[in-house]
Structures are given as structure tokens and as C-alpha cells.
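**Q** Residue-level listing of the chains:
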Amino acid sequence: MTLSKEQQIEAYRRMWLIRLYEEAAIRLYGEGRYRGSTHPYIAQEATALGVCAALNVTDQVLATYRGHGAAIAKGANVNAMMAEQLGKATGLCKGKGGSMHMSQHDVGFMGSNAIVSGHIPIAGGIALAQQLDGSDAVTVAFFGDGASCEGVFYETMNMATLWKLPLILVVENNEYAISTHVSESISVPDIATRALGFGLPGVIVDGRDFYAVYDTAAEAVARARRGDGPTLIEAKTVRWSRHSAVAAGGAGGEKADRWKLTDPLPRLKQELIQRGIITEAQATEIQAAAQQEIDDAATFAIDSPYPELKELHTDIFA
Amino acid sequence: MTLSKEQQIEAYRRMWLIRLYEEAAIRLYGEGRYRGSTHPYIAQEATALGVCAALNVTDQVLATYRGHGAAIAKGANVNAMMAEQLGKATGLCKGKGGSMHMSQHDVGFMGSNAIVSGHIPIAGGIALAQQLDGSDAVTVAFFGDGASCEGVFYETMNMATLWKLPLILVVENNEYAISTHVSESISVPDIATRALGFGLPGVIVDGRDFYAVYDTAAEAVARARRGDGPTLIEAKTVRWSRHSAVAAGGAGGEKADRWKLTDPLPRLKQELIQRGIITEAQATEIQAAAQQEIDDAATFAIDSPYPELKELHTDIFA
Amino acid sequence: MHELTYAQAINEGIREEMRRNDKIVVMGEDVGKYGGVFGVTRGLFDEFGGARVRDCPLNEAAIVGFAIGLALSGRPTIAELEFMDFTTFAMDPITNQAPKLRYFWGGQATVPLVVRTPIAAGLGFGTQHSQSLEAWLMHVPGLKIAMPSTAYDAKGLIKTAIREPNPVVFAESMGLYSTRGEVPDEDYAIPFGQADVKRKGADVTVVALGLMVPKALKAAEELAALGIDVEVIDPRTIAPLDIDTIVASVKKTGRLVIAHVAHKTGGVGAEIAQQVVERAFDSLDGPPVRVAAQDVPMAASQFLEKALLPDVADIVKACQSFR
Amino acid sequence: MHELTYAQAINEGIREEMRRNDKIVVMGEDVGKYGGVFGVTRGLFDEFGGARVRDCPLNEAAIVGFAIGLALSGRPTIAELEFMDFTTFAMDPITNQAPKLRYFWGGQATVPLVVRTPIAAGLGFGTQHSQSLEAWLMHVPGLKIAMPSTAYDAKGLIKTAIREPNPVVFAESMGLYSTRGEVPDEDYAIPFGQADVKRKGADVTVVALGLMVPKALKAAEELAALGIDVEVIDPRTIAPLDIDTIVASVKKTGRLVIAHVAHKTGGVGAEIAQQVVERAFDSLDGPPVRVAAQDVPMAASQFLEKALLPDVADIVKACQSFR
Ligand SMILES: Cc1ncc(C[n+]2csc(CCOP(=O)(O)OP(=O)(O)O)c2C)c(N)n1
Ligand SMILES: Cc1ncc(C[n+]2csc(CCOP(=O)(O)OP(=O)(O)O)c2C)c(N)n1
Ligand SMILES: [Mg+2]
Ligand SMILES: [Mg+2]
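Residue numbers (the working numbering), protein chains in the order written: chain D, 1 to 318; chain L, 1 to 318; chain S, 1 to 323; chain V, 1 to 323.
Derived by calculation from the structure, the hints in this document are not laboratory data.
Honestly, I wouldn't trust all of these hints.
Okay, the calculated beta carbon distance ranges per label pair [as the list claims (entries may be wrong)]:
hint, chain 1, residue 1, chain 2, residue 2, range
1, V, Pro184, D, Ala248, 42 to 52 Å
2, V, Glu222, S, Gly107, 34 to 44 Å
3, D, Gly30, S, Ala51, 48 to 58 Å
4, S, Val197, V, Gly107, 42 to 52 Å
5, S, Lys23, V, Asn21, 39 to 49 Å
6, S, Asn21, V, Val197, 55 to 65 Å
7, L, Gln274, V, Asn21, 49 to 59 Å
8, D, Gly30, V, Glu222, 25 to 35 Å
9, D, Ala248, V, Val197, 58 to 68 Å
10, S, Asp187, V, Pro165, 55 to 65 Å
11, D, Glu308, S, Leu226, 53 to 63 Å
12, D, Val107, S, Ala307, 51 to 61 Å
13, D, Val107, S, Lys23, 22 to 32 Å
Not close to chain S: a few residues of chain D, all C-beta gaps over 12 Å, as computed [said to hold, decoys possible]:
hint, residue
14, Leu28
15, Asp136
16, Ala137
17, Pro189
18, Ala212
19, Ala218
20, Leu261
21, Ile273
22, Asp303
23, Leu309
Result set (DSS-like, lysine-lysine): computed pairs, CA atoms no more than 25 Å apart in a straight line [what the hints assert, rightly or not]:
hint, chain 1, residue 1, chain 2, residue 2
24, S, Lys198, S, Lys252
25, D, Lys164, S, Lys200
26, V, Lys306, D, Lys310
27, D, Lys164, S, Lys23
28, V, Lys317, D, Lys310
29, V, Lys23, L, Lys164
30, V, Lys251, V, Lys306
31, S, Lys198, S, Lys251
32, V, Lys33, L, Lys164
C-beta: ideal position from N, C-alpha, C; glycine also.
Turn these sequences into a full structure, and let the hints guide you.
**A** Right, here's the structure in full:
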């Protein structure tokens with residue numbers, strides 16, 4: 001399974017969409033256009049894109065409050081996302097969810113969750129449904145190094161392995177849970193090592209290398225589609241930005257420099273040019289188009305109305 | 001570190017105390033002398049005894065509702081235990097706890113817990129206190145194969161390894177969680193394998209072999225006292241009896257036969273005789289004395305008064 | 001009509017629904033071959049197989065989490081927790097996930113989940129196996145909560161719970177599992193939010209939950225002999241709560257007693273009392289009276305347990321306490 | 001006297017107690033070098049070191065479980081949960097273990113545990129980060145629960161909580177963290193179970209919790225202008241609850257309003273109302289009125305959130321609702 005030119009170009013385009021979406025989200029927060037917080041995916045883009053490039057629309061993706069990248073990678077609508085960010089009626093979730101609770105089921109983005117690890121067993125159940133339905137679809141759960149400390153992560157690895165579920169657990173090790181470095185929270189050097197205790201493959205990949213992530217994910221997806229069960233993928237990455245608009249924590253300084261060296265955007269651009277897939281000029285166009293799309297999304301979000309108060313009482317019960 | 005003659009004889013005596021305590025507890029339940037349930041430790045005796053033989057009185061032991069064996073192995077008073085079993089005022093816990101909630105802190109039995117796995121992180125915290133106090137005491141948590149599926153077990157392994165705590169996690173794999181066989185609940189053949197994902201030693205031992213358990217525990221205890229951190233010990237054993245007085249589940253049939261071949265009592269007796277530590281005659285005396293002690297405990301429990309109703313309102317707040 | 005125990009009625013309800021809809025899945029500890037630690041799922045494994053009736057490892061949080069995933073995927077799922085006390089392990093999926101996903105995703109999700117769990121109070125299981133925690137769940141918007149007291153209600157309510165496209169906690173009373181009752185041979189379901197007046201009466205309204213319903217009826221008999229005519233109302237579901245039926249009764253009797261096995265402070269009794277006070281203040285002869293477990297941990301010792309739990313005599317006394 | 005923010009007051013209280021007793025340990029996510037995700041433990045790591053101020057992995061159940069183990073070992077331990085919504089991960093240690101161990105072990109254990117956690121309602125954090133769950137905990141015998149509303153109370157109550165030999169849940173109001181107040185320079189502690197009358201009044205009694213206390217005081221000012229003289233009572237601890245002070249006030253005013261940010265149904269308001277009704281039925285002019293969050297999941301969108309949460313205007317309206 002290899003990526004078409006179009007897929008690679010689309011990945012580059014979406015990488016810019018994610019980066020620029022997050023920058024816009026931070027700016028709009030600074031302007032006081034929404035409350036709560038926002039958790040940028042900046043610097044981690046290649047992971048969501050590499051994994052989602054290996055998925056079909058019918059495959060399901062679940063993510064965390066830091067899930068804007070996964071949403072865009074799976075094809076979510078950025079206008080509706082930005083409107084959701086601002087709590088507008090035109091948002092993906094009618095403004096009820098906000099930055100930490102986005103979802104777009106028609107593209108297989110089963111949504112983000114604000115409870116660290118809360119979505120992991122839910123992803124296991126979705127994978128179980130795929131198996132029971134006899135479909136060859138798979139489920140991916142993205143989560144962080146911190147989430148990998150919560151009991152349900154292990155419980156889910158055990159059940160998914162026991163039942164050979166089409167589940168791909170992607171732990172994005174950006175080294176920090178808010179302020180806590182992995183060396184202070186995880187008893188082994190690599191989170192992938194956890195898999196040894198559960199009998200599923202545990203693979204490490206450079207989360208900032210789009211192609212490496214894609215290859216790793218494609219293998220895990222193929223394995224899952226074959227019915228051979230789950231895989232744990234540890235994507236080594238960094239979190240360049242603050243934890244969130246509200247909390248600083250980790251990163252910064254020397255980390256920021258390291259990030260600049262490994263920024264997935266110039267990296268993917270160079271590779272695309274070397275592979276003769278795009279030219280420098282096309283790359284510039286793609287970036288400009290993405291910028292336009294995000295600017296339009298911001299305008300759309302700002303111009304959109306807030307939900308009517310009666311919305312408080314809808315969507316509670318089906 | 002080797003066991004004195006006295007220790008070995010005492011272990012044999014306590015093994016009979018446990019066996020006979022449980023048989024009496026079942027009988028008294030059958031006679032309707034208490035309600036709720038009881039969870040016999042029958043067939044697993046060698047594990048608690050082997051582990052506790054490696055401990056001092058200042059070391060702490062926590063166990064489950066199937067904790068009568070651990071209590072007796074740590075030196076708890078069988079009269080007070082049997083009275084607790086019957087919910088009497090003279091019980092270890094004034095009758096408030098019953099069969100599933102026994103404890104005798106003055107012998108370092110920090111008690112049993114009816115919530116499967118609930119005591120595991122608590123044991124971790126006790127081990128942390130031992131470390132902070134600079135004492136060389138250690139903490140042991142006994143629990144079952146089923147408990148090893150609960151998230152807090154993994155969370156505790158991670159924290160204890162990270163902080164090098166003097167904690168010994170003893171999983172008594174009797175193959176069943178009520179009716180569920182380990183092959184249906186655990187994704188790897190050996191629970192000790194879980195340790196690989198957490199960076200602590202995971203050791204397998206025949207839980208019905210007193211000497212093997214002792215040697216394994218002694219090594220883990222020494223490691224903990226040295227400040228080298230926790231150990232996971234998987235004691236392979238069988239549950240010959242029903243899960244409890246209320247629930248059947250697992251065991252029986254072919255399992256029962258397998259149990260008879262591996263009954264730790266005749267096994268330890270033979271070894272003691274071979275080692276020239278006791279004679280057949282002495283063995284018989286020990287057994288008879290234990291029988292007497294348990295009969296007396298039953299009488300004591302039956303003759304003891306129930307707690308006064310005012311006890312309902314004591315021991316809630318210190 | 002045929003006679004079933006309360007446990008058999010739940011079993012029959014699940015079985016019939018599983019026959020009607022082959023997407024339904026049952027999950028939990030020991031629910032498969034063994035048929036459930038209290039036998040409620042007996043025979044389902046043999047009829048529907050291990051794919052749909054799934055023995056799970058001992059991990060409540062993941063069991064309910066997985067069940068939510070199945071429900072989100074269009075498979076109504078029944079998860080069993082062996083004692084209500086163990087909901088403590090699954091509070092995130094039960095309260096932060098199942099009842100909220102549809103809302104914060106703006107209506108994109110539907111969560112046909114049933115969490116079955118028995119309340120074991122009164123059987124001597126002790127402090128960590130005797131709690132009745134429905135009050136916690138009643139405080140969570142998005143959850144529906146059923147608490148049957150008879151075989152008939154149990155079957156009719158479990159069917160509604162399974163057909164519900166929303167998360168339901170189905171709180172069974174272990175003390176009623178072996179009680180017997182008549183159940184219709186034809187299919188029926190009991191709508192949520194419809195209280196059942198188990199006994200008509202003019203003098204005092206007793207609202208009783210689960211295990212306390214038969215005790216309230218017994219108390220009513222004793223009180224009848226004393227010339228006090230008690231109306232016994234079983235809400236059957238506390239969310240939604242059929243407050244209208246309760247208020248109508250109190251407007252007639254002027255006196256309200258609420259009986260549940262849960263601890264008094266912070267229990268459902270306070271909520272029902274306050275809702276009645278809000279709507280029928282002027283009809284009340286006196287304050288609503290709560291008959292509930294004392295506010296002490298559940299003790300194992302049988303006489304302590306008996307003393308701390310509410311019983312027939314307490315209901316009788318409460319009904320006599322009005323001026 | 002010196003001025004501190006509510007967050008600083010808690011910090012100072014913890015710091016002073018840690019100086020008095022070197023056995024005290026602080027545990028939680030980001031509580032160490034970083035000083036807590038909202039800065040409440042700032043500086044403690046530098047002063048007391050990593051052994052006593054411990055950054056933990058992200059696992060609430062084990063954090064509270066470990067804290068109980070430390071407490072059982074004679075080390076008063078303060079565990080932080082970053083939002084009250086995450087108590088859902090630690091409900092077993094918080095409700096099945098900490099408040100019950102001493103009881104079912106017949107008095108052999110002492111559990112000096114403090115679980116600190118902020119209620120974030122009103123800040124736009126959305127459905128899973130805005131819940132006020134004190135009602136769950138009030139239903140659990142063996143737990144004490146403090147809910148400070150001022151810097152002065154926060155410091156005085158955290159000290160009592162830390163000195164308590166029993167499990168305490170210390171529910172902070174995130175919306176008050178930056179509010180400032182005067183705090184004595186000398187050591188002081190506020191006993192649990194003593195309500196504070198924040199404002200004397202003759203016409204209506206308003207019992208307010210946490211974030212609602214300043215709102216109630218604001219409402220009282222507006223109402224004073226309208227000739228309605230409101231008495232504002234802050235229970236400060238809901239377990240133990242100083243019902244006597246509340247009842248005495250209601251006997252004077254005849255009118256009761258209870259205000260909390262938690263959802264109305266199943267909230268603490270129902271319990272306080274019923275306790276007052278039980279003790280002061282004849283003094284009441286009308287039913288107690290609850291001012292609380294609507295029974296819908298907390299929505300992120302700011303105007304939805306504003307609409308679903310109780311505010312000054314709702315208290316004013318409630319106080320005017322009496323005949
Ligand atoms: C159960 C739970 N505990 C704590 C939090 C608060 N919190 C939000 S994000 C976060 C750190 C998560 O770190 P990680 O899993 O590594 O993900 P990252 O933020 O690095 O993407 C914490 C502690 C939460 N939301 N949920
Ligand atoms: C949290 C929790 N879940 C479920 C139960 C019900 N339960 C009691 S014992 C048991 C089986 C435990 O099996 P295992 O851990 O292997 O211990 P064993 O009984 O074999 O000694 C179960 C499911 C419980 N008490 N606590
Ligand atoms: Mg991280
Ligand atoms: Mg077992």
C-alpha cells in the first residue's frame with residue numbers, strides 16, 4: 001500500500017490547515033472571542049496526518065481535547081470546526097461542545113473527549129462493533145503520554161488483544177502531560193514497551209515524519225483488517241506550544257529550538273519537492289490557499305450566530 | 001536468608017489453622033450463623049504462608065475478601081477472626097467488617113478489602129510511607145488473577161516502579177475470577193508478563209510449594225529492603241472450592257483432582273519429615289492442636305455477644 | 001399469564017429483546033456461560049452465543065466504556081456491574097461519557113446503553129457491597145434510571161430500557177431476585193416516567209423505591225388494621241420521575257412518607273420531598289418524612305445491619321407520626 | 001491582616017500546616033515544580049522538596065489510593081484532582097475506601113486525607129470540566145466536605161481539613177481563585193460544621209454554596225434597594241452541615257432560598273430544603289426555593305453556559321417569589 005501523489009499533496013495541504021487553524025484558534029482566544037481554553041496540535045501534525053492517510057472514510061477516529069489535528073486529518077470541515085471553537089450555532093456540534101468536544105461522524109471522526117483517556121475504552125467498543133458487524137473497518141484512538149498512565153488504557157489493551165479487535169492505539173508522546181515530563185510519570189523509557197505486558201505489537205515511530213508514521217500505521221491497519229488484532233503505536237513527538245491557552249507547562253526554550261529543527265511542515269515540503277511531487281511554487285500556493293481557507297473559517301465563525309437558548313434542551317435524549 | 005526449624009513448624013501449624021478455619025467458616029455459614037458470604041482460601045495456603053514467612057511483624061500485608069489465609073499467615077488471632085466472621089462484638093473489627101473486612105494492625109495485617117483491587121494502590125501508598133520514613137519495612141499486597149485486570153493494578157505498578165517503592169505485589173493466579181478462566185480474561189499466558197511493560201521484575205512461582213514461595217518472596221523482600229523497588233510475583237495456584245459460600249464458579253471436577261495431587265498440606269508435611277524437622281507423630285499432634293484451636297475459636301465466636309447497637313455510630317470519625 | 005421470579009423476569013425480558021433485535025449485546029463479568037453471578041443472564045450465552053453474550057475481564061470502567069462504543073455503533077448494549085457499589089469504578093463512562101456524548105456532539109451520537117446493577121442492601125454483604133447509589137445518578141442530566149420492585153415491572157421496564165435510545169441505569173434489588181410474580185404471556189413494555197400506585201389509600205402517601213415497595217405494602221396492611229389508609233406509590237423510574245402522580249396523591253392525603261434503602265442524607269428522598277413541597281406546600285399537613293438507611297457505613301454484623309436499614313416498622317412509625 | 005487571593009490563601013494554609021507537621025504530603029498531577037495547574041500549590045515544591053510535594057502520573061484512582069495509604073501510615077496527605085469532574089476516576093478510593101476503612105476495621109485505622117478539587121463551572125470549559133458534584137459526596141457517610149467562598153474561609157478551612165484525622169473533600173471554586181480578601185497574620189482555623197452568616201437580614205434566608213455566596217451578597221444588595229432584607233448564610237461545610245444556624249434563620253424570616261452551581265435535581269439544595277422543612281415546617285411562608293444549574297449537561301457556548309448556570313438575577317427573582 002503506497003500513497004498516491006494526490007494523497008501526499010492533500011496531506012501537505014491539511015498539515016498547513018492544522019497549523020494555521022491552531023494559530024488562528026490561539027489568536028481568536030487572545031481576542032476574547034471564546035472562553036474555556038484551546039489545546040494546540042502544533043508540531044504534532046505529521047502524526048494525525050500519517051495515521052489518517054492509512055484510513056478510509058468508514059474507519060473511525062477518536063481523539064482528545066488536543067484533537068483538532070485528528071479532526072482535520074480525518075477530513076472535518078474547518079469552517080464548522082472554527083465555529084465550534086467559538087461556540088457558534090454553525091459549529092460541528094452546534095456550539096455545545098466547544099474546542100474540546102468536536103466530532104463529525106459523516107467523515108468518521110467519532111470525536112474528541114475532554115476526559116484524558118475517557119475515549120480509549122469507547123474506541124475499543126467501536127472496534128468490537130466493527131468486528132461483530134464483520135466489516136473490515138478499523139478504529140484509531142489518539143491520546144497522549146499522560147493518558148497512557150490511566151488504567152483504562154491498559155484495560156483496553158488487554159480486552160482488545162484478548163478479542164483481537166481492529167483497534168490502533170496511537171500514543172502521541174510529546175514528552176509532557178501539562179508540566180509533567182514522561183521521565184517523571186512513566187516507569188519505562190518507551191511507552192511502546194507497555195505492549196510487551198499485553199501481547200500486542202508495540203511500535204515506535206518518529207511522529208514528526210509523515211512517511212514513517214504512514215508506513216507504521218498502514219501496517220497496523222492491514223494487520224487489524226486481517227483480523228490479527230490491535231497495535232500500539234508510540235509516535236515520538238514534541239509539544240512546542242504551551243499545554244493550552246490557559247496552562248503553560250513543559251516545552252519552550254531548548255525544546256522550542258529542537259522543535260524548529262523537526263518542524264514537520266518544511267520537512268514534508270522538502271520531501272515532496274525531492275520526490276518531484278510538487279514544486280516550491282506549488283508549495284507556496286498550497287500554503288496560501290490553506291491560509292485563505294482558515295481566514296475564511298475565522299470570518300465564518302465570527303459572523304455566525306450563537307445558538308438559541310432553546311438549544312440548551314435539545315440533544316439530551318434521542 | 002533461610003528458615004529456622006521453628007519457622008517451618010509454625011508454617012505447617014498455621015497451614016492447618018487456615019485450612020481448618022476455612023472449613024469451619026463454611027460449616028458455620030451452612031448452619032446459618034452469619035449472613036453475607038465467605039471466600040475460602042483452601043488450597044492456596046502455601047502462598048500466604050511462604051510470603052509471610054519472609055516478613056517481619058513491622059512489614060505490612062493487605063489482602064482481599066479471600067484474605068483469611070493472609071491474616072492467619074501474618075499472625076492474626078483466630079478467635080477474633082472467627083468472631084468477626086460471625087459479626088460478633090469480640091471480632092477483630094467488632095463485627096462491623098465481617099468475613100470480607102478483617103484486619104489486625106498490631107501484627108501488620110493492614111486488612112482485607114471487598115473491592116477487587118481497591119487495596120492495591122493503598123498498599124502502594126503504605127510502601128511510599130515506609131520509604132519516606134526511611135524504615136526498611138516493606139508492604140505486600142495479595143490479590144487475584146481477576147484483580148490483575150483492574151486499571152489500578154497497572155497504575156500502581158507504574159508508580160511503585162517509578163518511585164522504587166518497597167512493594168511486593170503477589171498475584172495469586174488460581175485460574176478463576178468467579179466463573180471466568182484466566183484464558184478468557186488475560187491476554188498473555190502468564191500474569192508475571194505484565195511486569196515487562198512496567199520495568200519491574202515479574203516472577204512466577206508454584207504457589208502450592210511453600211519453600212519455593214518463601215525463596216521467591218525472600219528475594220523480593222530483600223530487593224525491596226535494599227531500596228531497589230517493587231516486584232511482581234505470580235503464584236500459580238488453584239481454587240479447589242467454590243468461589244464463595246454464595247457463588248459457585250470455576251473449579252470442581254478435574255480441577256479438584258488436580259488440587260488433591262497438589263494439596264500443600266501433605267506436601268509440606270512430607271518435606272518437613274524428609275528434612276527431619278518433624279516426625280509423623282508430631283505432624284499429627286500439630287494438626288490435632290490446630291483442630292482444637294479452631295474448634296475453640298468457633299465456640300468462642302458462637303458464645304460471643306453481638307455488638308450493641310450504639311456501635312453503629314462509633315468508628316466513623318476519629 | 002405465567003409466574004416468574006424477579007430475576008427470571010429480567011432474564012426473559014432481555015432474552016425476548018435479543019430475539020427481536022440481533023444487534024443487542026450483553027457484556028459483563030460472569031454473564032456468559034455462568035449466567036451471571038446471581039443468575040440473571042442464565043441461558044443467554046447458550047441461546048445467543050459468546051459474541052453477543054460476552055464474559056469480560058474484571059474491569060468495570062472498560063466494560064462500560066466498551067459498551068458505550070457498541071451503543072454508539074448502533075448496538076444496544078446491556079452491561080452488568082455485579083454490585084451497585086462497583087459503579088464507583090465506572091463513574092467516568094456512566095456519568096461523563098454516556099449521558100453527555102450526544103449533547104456535546106450536538107446530536108450526532110445515540111447511546112442505547114443499559115447498565116444493569118443490583119443493590120444488595122440487607123443481605124449481610126457488608127460495607128462495600130450494600131450501597132444503593134441511585135441518588136448519584138439522579139443528579140446527572142442525560143441518564144434515565146429504573147428501579148423495579150416486582151417481576152411484572154422488572155420485565156416491562158427492562159424491555160423499555162433496552163428499547164431506549166438513551167443511557168439507562170437499571171438498578172435491581174437483590175433482595176427481590178427470588179420474589180415471584182405473574183407476568184403476561186404476550187409482549188409488553190412499561191413506559192418510563194409512569195409511577196404505579198401499588199395500593200390506593202386516603203390518609204398517607206408512601207413513595208417507596210425498589211426493595212422498600214413490598215415493605216411499604218406490608219406496612220400499609222398493618223396500618224389498615226389501625227385505621228390508617230395508606231396509598232403506596234412506586235415511581236418505577238426516578239429519572240424521569242412521575243412527580244405528577246405523587247403530587248396528586250399528596251394533595252389527596254396531605255401526608256408524604258418516602259422510603260428507600262439508600263442513606264438518608266443526600267438520598268432521593270430529599271429530592272422527591274422538595275419537589276412535592278414545591279408543588280403542594282399548601283396541601284401538606286406536615287413535613288414529608290424520610291424512611292431510609294441511617295447515615296452510617298453499612299455494617300456486616302446482622303443486627304447492626306438490620307438496625308441501620310429501614311424496615312416495615314419504620315414505615316409504620318413514619319405514617320403514624322403525622323399530627 | 002494581609003490580603004490574599006482565595007488561591008493564595010489555600011496555598012498559605014497548606015504551607016503553614018506543612019511547616020507545623022513535616023509528615024504532611026501533597027500529591028497530584030502538576031502539583032510540584034509547576035505549582036498546580038491553577039497555581040494553588042505554587043512554591044511548596046521549592047520549600048518542602050519533591051519527597052513531600054509529589055508530581056504524580058496521570059492516574060487519579062491511584063493518586064487517591066496512594067494518598068489513603070500514606071494517611072493510614074500516619075501521614076496527613078493532600079491529594080489534588082485538577083477538576084472536580086475527575087473525581088469520577090477516584091470514586092472507589094474516595095467513597096468505598098477512605099470513609100469506610102476505619103469503620104469496617106472497627107476503629108483500627110485513621111485516615112487523615114484531604115482531597116482538594118476545584119469546581120470550574122462558569123468558565124467555559126464545557127460539559128466535562130464544569131461539574132459541581134458535592135451532592136454525590138454528601139451522600140457518603142464518613143466524608144467531610146468543605147466549600148469555602150472567601151480567602152479567609154479558604155485558609156481557615158484548609159487548615160482544619162489538614163488537621164482533621166478524617167477524610168475531607170475540599171471543594172474549591174475556580175471562579176473565586178483570583179478574588180481577594182483579608183486574612184489574619186496569626187494562625188487560625190475554622191471549625192467544620194459552623195455556618196457563617198455573611199449578611200444579616202430579616203425577610204429571606206439565602207443559603208449559598210461556594211461561588212454562589214458572592215452572588216447571593218450581590219443579590220442581597222439589589223434586594224435591599226427594593227426593600228427586601230436578605231440574610232445570606234454560607235454553610236462553609238456541607239458535611240457536617242450546620243443546620244441549626246439555617247433553621248434559626250428561617251424561623252426568623254419564614255423564607256428559604258438555596259443557591260448552588262450544581263444541577264438542581266439531586267443537588268444539595270434538596271437536602272438542605274428537606275432538613276429545614278423537617279425542623280421548621282410551621283415557620284415557612286412557602287416552599288423553599290432552589291436556585292441551581294438547569295438539569296442539562298454543561299454547554300461550552302458562552303451564552304448557553306450563562307443561561308444554564310444560576311446567577312445574581314436568579315437569586316433576586318427567587319427572593320421576590322414569596323407571597
Ligand atoms: C481524567 C483527567 N485527568 C486530568 C485531566 C486534566 N488534564 C487535561 S490535559 C492533561 C495532560 C494530558 O497529557 P497527555 O495525555 O500527554 O496529552 P497532551 O496534553 O500532551 O496532548 C491533564 C492532566 C483531564 N482532563 N482528565
Ligand atoms: C471492583 C469489583 N468488581 C467486581 C467484584 C465482584 N467480585 C468479587 S470476587 C470476584 C472475582 C475475583 O477474582 P480474583 O481476583 O481472581 O480473586 P479470587 O476470587 O480468585 O481469589 C469478583 C468479580 C468486586 N468485589 N469488586
Ligand atoms: Mg503529552
Ligand atoms: Mg482468581
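**Q** Hint by hint, say whether it matches the structure.
**A** Checked hints:
At roughly 33 Å, the beta carbons of V:Pro184 and D:Ala248 sit outside the given window of 42 to 52 Å. Against the hinted window of 34 to 44 Å, the Cβ-Cβ separation of V:Glu222 and S:Gly107 comes to about 38 Å, which satisfies the hint. At about 52 Å, the beta-carbon gap between D:Gly30 and S:Ala51 stays in the expected band of 48 to 58 Å. Range check, S:Val197 to V:Gly107: about 46 Å between beta-carbon atoms, so the 42 to 52 Å window is met.
Between S:Lys23 and V:Asn21 the beta carbon distance is about 58 Å. The supplied range of 39 to 49 Å is therefore violated. At roughly 59 Å, the beta-carbon separation of S:Asn21 and V:Val197 lies within the given 55 to 65 Å, and the hint holds. Range check, L:Gln274 to V:Asn21: Cβ separation about 55 Å, and the 49 to 59 Å hint holds. Taking the beta carbon of each, D:Gly30 and V:Glu222 are about 34 Å apart, inside 25 to 35 Å as hinted.
A C-beta distance of roughly 40 Å is found between D:Ala248 and V:Val197, which places it outside the suggested range of 58 to 68 Å. For the hinted restraint 55 to 65 Å between S:Asp187 and V:Pro165, the CB-CB distance of approximately 58 Å keeps it satisfied. For D:Glu308 paired with S:Leu226, a C-beta distance near 56 Å keeps the hint of 53 to 63 Å intact. Between D:Val107 and S:Ala307 the beta carbon distance is about 60 Å. The supplied range of 51 to 61 Å therefore holds.
In this structure the hint that D:Val107 and S:Lys23 lie 22 to 32 Å apart at CB holds, the actual value being about 24 Å. Remark: the non-interface label on D:Leu28 is consistent with the geometry, its nearest Cβ contact in chain S lying 20 Å away (cut-off 12 Å). No beta-carbon of chain S is positioned within 12 Å of the beta-carbon of D:Asp136; the least distance is around 15 Å. Distance check on D:Ala137: its Cβ comes as close as 10 Å (rounded) to a Cβ of chain S, failing to clear the 12 Å threshold; non-interface status is violated.
For D:Pro189, the condition that its CB be more than 12 Å from all CB atoms of chain S holds, with the nearest at approximately 26 Å. A cut-off of 12 Å between C-beta atoms confirms that D:Ala212 is not in contact with chain S; the least separation is 29 Å. Every Cβ of chain S is farther than 12 Å from the Cβ of D:Ala218; the closest lies at roughly 24 Å, confirming the non-interface assignment. For D:Leu261, the shortest C-beta to C-beta distance to chain S comes to about 38 Å, beyond the 12 Å cut-off, and the non-interface label holds.
No beta-carbon of chain S comes within 12 Å of the beta-carbon of D:Ile273; the shortest separation is about 39 Å. Interface exclusion of D:Asp303 from chain S stands, the closest Cβ pair being 19 Å apart, more than 12 Å. With a closest Cβ-Cβ approach of about 15 Å to chain S, D:Leu309 is found to remain outside the 12 Å limit, as its non-interface label requires. This hinted pair checks out: S:Lys198 and S:Lys252 have alpha carbons roughly 16 Å apart, not beyond 25 Å.
Distance hint between D:Lys164 and S:Lys200 is unfulfilled; the C-alpha atoms sit about 56 Å from each other, more than 25 Å. For the hint linking V:Lys306 to D:Lys310, the alpha-carbon distance of about 13 Å falls within 25 Å, and the restraint holds. The suggested pairing of D:Lys164 with S:Lys23 holds, with an alpha-carbon distance near 20 Å, which does not exceed 25 Å. Annotation: proposed proximity of V:Lys317 to D:Lys310 holds, straight-line Cα distance about 21 Å (limit 25 Å).
For the given pair, V:Lys23 sits about 20 Å from L:Lys164 by alpha-carbon distance, which is consistent with the 25 Å threshold. For the suggested pair V:Lys251 and V:Lys306, the alpha carbons sit about 33 Å apart, so the restraint of at most 25 Å is broken. The suggested pairing of S:Lys198 with S:Lys251 holds, with an alpha-carbon distance near 18 Å, which does not exceed 25 Å. For the suggested pair V:Lys33 and L:Lys164, the alpha carbons sit about 20 Å apart, so the restraint of at most 25 Å is met.
In this structure, the hints that do not hold are numbers 1, 5, 9, 16, 25 and 30, in rising order.
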